[in-house]
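Colleague: Each chain is listed here by its residues.
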Amino acid sequence: MTGGSDENPVLEVRDLNTSFLFPAGEIKALRDVSFEVQRGEIVGLVGESGSGKSITGFSINGLLSPPGQVVSGSIRLHGEDITGLAQAQMRRLRGAKIAMVFQDPMMTLNPVLRIGLQMGDALRAHKTLSEREARARSLAALEEVGIPSAEDRLDAYPHQLSGGMRQRVAVAIALLHAPDLVIMDEPTTALDVTIQGQILALVQRLCRERGTALIWITHDLAVVAGIADRILVMYAGRIVESGTVDAVLDTPAHPYTRGLIDSVPSRRHRGGRLQQIPGRMPALADIPEGCAFQPRCTRATQACLAPQEMRRDGGRAVRCCHPLEELPA
Amino acid sequence: MSGVAAPARPAPARGVWREFLRSPAAVAALATFTAFCLIAIFAPWLAPQNPYDLAQVDIMDSLLPPGSESWGGDPYLLGTDGQGRDMLSAMIYGIRISLVVGLASGIIALAVGTIVGLVAAYRGGWVDTVLMRIVDLQLSFPTILVALILLVILGRGVDKIIFALVVVQWAYFARTVRSVALVESAREYVDAARGQKLGHLRILFGHILPNCLPTMLVVATMQMASAISLEATLSFLGLGLPPTRPSLGLLIANGFDYLQSGRYWISVLPGLVLLAIIVSANVLGDRLRDTLNPHL
Amino acid sequence: MTEFIVKRLLQAMLVLAVMTVLVFFGVNVVGNPVYIFASSECDQPCLDAIMRDLGLDRPIWEQYWVFIGNLLEGDLGNSFTHGVPAMSLIWERLPATLELAFTALLIALAVGLPLGVAAGLRPTHWTSRLIMSFSMLAFSVPIFWIGLIMIIVFSVSLGWMPSVGRGDTIEVLGVDLSFLTLDGLHHLAMPAFTLSLIMMAMVIRLTRAGMREVLFSDYIKFARANGVREGRILSLHVMRNILIPIVTVLGMELGGVIAFAVVVESIFSWPGVGKMLIDAIAVLDRPLIVAYLIFVVIMFVFLNLITDILYSLLDPRVRLGGNAS
Chain A
-16 MTGGSDENPV
-6 LEVRDLNTSF
4 LFPAGEIKAL
14 RDVSFEVQRG
24 EIVGLVGESG
34 SGKSITGFSI
44 NGLLSPPGQV
54 VSGSIRLHGE
64 DITGLAQAQM
74 RRLRGAKIAM
84 VFQDPMMTLN
94 PVLRIGLQMG
104 DALRAHKTLS
114 EREARARSLA
124 ALEEVGIPSA
134 EDRLDAYPHQ
144 LSGGMRQRVA
154 VAIALLHAPD
164 LVIMDEPTTA
174 LDVTIQGQIL
184 ALVQRLCRER
194 GTALIWITHD
204 LAVVAGIADR
214 ILVMYAGRIV
224 ESGTVDAVLD
234 TPAHPYTRGL
244 IDSVPSRRHR
254 GGRLQQIPGR
264 MPALADIPEG
274 CAFQPRCTRA
284 TQACLAPQEM
294 RRDGGRAVRC
304 CHPLEELPA
Chain B
13 MSGVAAPARP
23 APARGVWREF
33 LRSPAAVAAL
43 ATFTAFCLIA
53 IFAPWLAPQN
63 PYDLAQVDIM
73 DSLLPPGSES
83 WGGDPYLLGT
93 DGQGRDMLSA
103 MIYGIRISLV
113 VGLASGIIAL
123 AVGTIVGLVA
133 AYRGGWVDTV
143 LMRIVDLQLS
153 FPTILVALIL
163 LVILGRGVDK
173 IIFALVVVQW
183 AYFARTVRSV
193 ALVESAREYV
203 DAARGQKLGH
213 LRILFGHILP
223 NCLPTMLVVA
233 TMQMASAISL
243 EATLSFLGLG
253 LPPTRPSLGL
263 LIANGFDYLQ
273 SGRYWISVLP
283 GLVLLAIIVS
293 ANVLGDRLRD
303 TLNPHL
Chain C
5 MTEFIVKRLL
15 QAMLVLAVMT
25 VLVFFGVNVV
35 GNPVYIFASS
45 ECDQPCLDAI
55 MRDLGLDRPI
65 WEQYWVFIGN
75 LLEGDLGNSF
85 THGVPAMSLI
95 WERLPATLEL
105 AFTALLIALA
115 VGLPLGVAAG
125 LRPTHWTSRL
135 IMSFSMLAFS
145 VPIFWIGLIM
155 IIVFSVSLGW
165 MPSVGRGDTI
175 EVLGVDLSFL
185 TLDGLHHLAM
195 PAFTLSLIMM
205 AMVIRLTRAG
215 MREVLFSDYI
225 KFARANGVRE
235 GRILSLHVMR
245 NILIPIVTVL
255 GMELGGVIAF
265 AVVVESIFSW
275 PGVGKMLIDA
285 IAVLDRPLIV
295 AYLIFVVIMF
305 VFLNLITDIL
315 YSLLDPRVRL
325 GGNAS
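Going down the list, the protein sequences come from chains A, B and C.
Quick note, in my numbering, the first sequence goes up one by one and the last residue is 312.
Quick note, in my numbering, the second sequence goes up one by one and the last residue is 308.
Quick note, in my numbering, the third sequence goes up one by one and the last residue is 329.
If you're looking for bench data, these hints aren't it; they were derived computationally from the structure.
Be a bit skeptical, because a hint or two may be false.
Claimed, not checked - Below, computed lysine-lysine pairings styled on BS3-like, alpha-carbon distance capped at 27 Å: (1) A:LYS110 to A:LYS80; (2) A:LYS11 to C:LYS225; (3) A:LYS80 to C:LYS11; (4) C:LYS11 to A:LYS110.
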């Protein structure tokens, strides 16, 4: 297997296929997704909305909304297969081993319950604690994420906090049990740029300190460049390119990655014309057998209509028959 | 978060009818309701007896169970009531009155509510505010209470109960039509029509109103069911219709006194018919909402 | 919070003022007040006396002030048939109606909530369809018809349930209550259940709709992602959110229930204010009729007010006002 070190990875996803099984037919949301995350590693999962990033996250922690379902493949946590686990067993992992933070902090906290109660519930989901112990630990957790006058915040309702504060609370809750893996689903997208930076730095620091593995889901390459060790680029339910941040961003191999990078305004190209990817991502219901990017790709040929294999070279991998950087097939 | 949309369900106007027919319950409801409408229309030809004509009613024949024969030898298929009226005839005429009251009040309320709703949506501003405050106030009181107050003041009569039912219902239509019309008048075609300097009435009735029709049809069906139900309730309480023109509700009330003595048919038979009318109208309304898919 | 209550109180006062105007004009303009306040045996000189008595020779706005003045003193005239102040009759009969209404409310919640939760958890399951059909029936079938069928089945045919009256009562703080005796409960069961059906249907629908909305919300997903147990999520995290609209609607409907109690009380001969109204209408006891209508309107406005306040207590977003962001 490619990528990373020799020790057992925290998370190992192999050939994951997730589908939405509607009565009218199956819609494949994820196709043959494979990757792993090492201890203390920060992996950026990048793609447009609808590419399957969030579904990857929910497949891992078993919270796919019906009729979503993992159809095949395996998800291993510390080498142990958790794919077919019953909900009761998955519950023991959620929050304790795998935590997740969502995009919109306005929606993540229950509007009618006090912060302290929500934190206490998350704590007691995995530990038997008295009211006072739970409160003390919640307080410590809030202080750790830099919330001022945390004591008062415990008795506050979510709407009394700003968006940035709410996301800090969500991060604090996610990290309560020092999980091995945290999935951050666009946690800064809904925030102001300055707050974004604060949350980014906070999460990075906490994960480095504790050796927590982190999957950072985003559509924003700039965020990934600032925080991640490795990048996974998703397109239409498939991982089309992966590698270290520097390798992928400096020398993208997939034309889609190239397009993504070019569509980000940067200082180097100031004054120059911003590149766009023509067309739009196909709906999940009608993704072609071959390369899904082919209709939008300037390099497309007949060969692109056939199913594409992942080409690998050391830590790099690309799913393209006409890559910009040649990797051995 | 990236979600997955369900496969789009096409709903072209022509397919609505076919889609409607795909539900056996809806077809049964439509058949039932149509049958009752036909019975109401042809009541004088269908009923063996004219229950309003006292000369045809013989008090000696009172309280006969279903299947009995009259003194004159005519069969009473569904028995007779306390005054010796043939239940079958009384019910046929009762269906007629119930449907007439339900339909008439529904149509008038629809017309009033539609005009108010359209004006509120189209004019906006203080006109809208005032009209909608009145609607809110009206809707905050339970229908039966408003109808009760009105009938206590006005007394009994077909025209009076229709008036009371209109008062109870118009606000609901007004609010629904306004909300749909607001959405519609924000659409491009209304702007286009305004741009062409078409008259207000032309825009309202030619452009906005037709687009409100599906929603109004659904609301009207449901409202008619509740109007028939309310009329029956009020008549049962002795408030709605005069005893000389018994609706289904009044027939049930007449039979209520005989319930304890086991003469169930006088109440139960008109009750079953009432049930069938109301349930079929509701099933129709439900199905229409599902197929026409207005945003209620 | 105080500001909120004061604002709502003022709104309620405004509505009350509007309603008294409506009732006043309903009585004085639409119907002839002489006939409303005169008994059916009244002849012409007697009618003239009543005219003078009611001050009908004075201008209309002055009449309105007299009407409001009497109303504020709680004076709504004497009942013809009972010969006592109409209000005292209403106070005497009200506990029976309230007992019926609150029992119905309790039944509606106790049955409706679990059914609504079940229908919301598995919306496509056949049990859910059954529950929703039941809800539609309970909502659309007139309740007098349901009461009738219950009497036929449980009283006449099976002989299990009494169909008339309150049964034995016990006096608590000067108020007769049925639900404290076995016989009273026996009498209370059928009318209360019949009256509860409309609310029950509403509770089922609201609960189901709330479940569908809240279950897919991010905050429930987040609670699940933190491993919070499903039982805890349903009983607290979901339920607290669902109860807010249900309490609001039920509070507003309680007035409707008391209005609908007219129907149930007259079917089951339950000696409450509703039965009193129907009896009053039957014998044309007009002052009692007017007193009942005004009383119900006032009660209704205040029920709406209390509901608003209760709603704000349940929902912190309303209670604490403002948004920090």
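Colleague: None of the hints should be skipped; say for each whether it holds.
Modeller: Here is how each hint holds up against the structure:
Among the hinted pairs, LYS110 (chain A) with LYS80 (chain A) is consistent with the structure: their alpha-carbon atoms are about 13 Å apart, no more than 27 Å. Proposed proximity of LYS11 (chain A) and LYS225 (chain C) is supported: the alpha carbons are some 22 Å apart, at most 27 Å. Distance check on the hinted pair: LYS80 (chain A) and LYS11 (chain C) sit about 50 Å apart at the alpha-carbon level, beyond 27 Å; violated. Distance check on the hinted pair: LYS11 (chain C) and LYS110 (chain A) sit about 46 Å apart at the alpha-carbon level, beyond 27 Å; violated.
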